[in-house]
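Visitor: Could you put together the complete structure from these sequences and hints?
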Amino acid sequence: MNIEIDRDTLLDPLSNVAGIVERKLSLPILSNILLEGSKDNLRFTATDLEMQVSLSVRTKLEDTFETTISARKILDITRALPEKTKLNIQINDTTVLVKALKSKFNLQTLAAKDYPIMKKDEEENTFVKLKQKEFKDILKQVDFSMAQQDIRYYLNGLLFEVDNQKLNIVGTDGHRLSFTSIKLQKDFGKIQTIIPRKTILELVKLLGDGDDDIEINISKTQAHFHFNNIDLITKVIDGKFPDYSRVIPVGHPNIFEIDRQTLLTAMQRASILSNEKYRGIRVVITKNNLKMISTNSEQEQAEEEMEIKYQGEDIDVGFNVTYLIDVLNNIQFDKLNFAFKDSSSSCLVTIPNNEDYKYVVMPMRI
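Basically the working numbering = 1-based index in the sequence shown + 1354.
There could be a bad hint or two in this list.
[To be verified] Straight line, CA to CA, 30 Å or less: simulated BS3-like cross-link-like pairs of lysine-lysine: (1) Lys1574 <-> Lys1540; (2) Lys1378 <-> Lys1574; (3) Lys1458 <-> Lys1537; (4) Lys1520 <-> Lys1537; (5) Lys1427 <-> Lys1467; (6) Lys1540 <-> Lys1438; (7) Lys1537 <-> Lys1689; (8) Lys1540 <-> Lys1559; (9) Lys1552 <-> Lys1378; (10) Lys1458 <-> Lys1378.
Hints are computed from structural coordinates only; laboratory data are not their basis.
Guide: Written out as structure tokens, the structure reads:
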């Protein structure tokens, strides 16, 4: 079986599916991708048993075939070839021969029948359709708050909560929490599921920036995302997500509005001399004034001061500066509101005249 294909046509799908293949896996076949050819259609599939990505490209095929080949090796070979190179791929029983220009690569294969395909769950699905850019933007508003390898496994992902005509997405690591909400076209009832961290990061990478749709199917055991020519199936995290509504404060009286970019650059400067381990920063708010102070174990100190419109009570509170910089980097709005109750309570960050986004940071002792 021979395949003639352009290097650039091959590189995109290989890059998109190979991202989920991990180097150290218990089953050797999981380091391979599944190649299937039929009716001028070449399909690529990769899985780590928790998530699966498949996509297809059009190319001239004389016959049907299926085989598996090392994801990393075929990607590295394709990437290393010059642009617009024509590849000839010969599929044999136990090998694949790749020829391009004056290069030849003879690769071992494993049987396609042994490849562990994840089947789509058809039962009890909640179906949601959104614009890709819209979905990508709201994921980026919350994904930085996910936990990473937390023993509380249900925090290592994002909560997807379909609540009638709203999709709420929440991430928390126990120290900070992001909440975002988007209106749906119709009432989809109610369902909660936790999408794993790795899936979320893969989605952000694969999603486009246009108005093309993404279709989301959520069931009790898995979620299925279909967009462009990509199908992504993932298992969901079996666990109970914390009641996020109890964490989001209501009625914090001490509020000011601030320019996001100005605060970000000032905070980045102040953070330079913060303690490398604890990353603490003092936020001191007085009438029409915001001061940020950081110190470290070498008795060095940085101080930044800004004028703000503020008439509330004096606040002197410590935070992990990374958590504040994260929200300033990821929320692409010019102005943000910061709200406080007192010097020992959490900080609530919101977007002016927008109830759909909330970010909560717990204070730290400095």
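Visitor: Flag every earlier hint the structure violates by its number, smallest first.
Guide: 3 and 6
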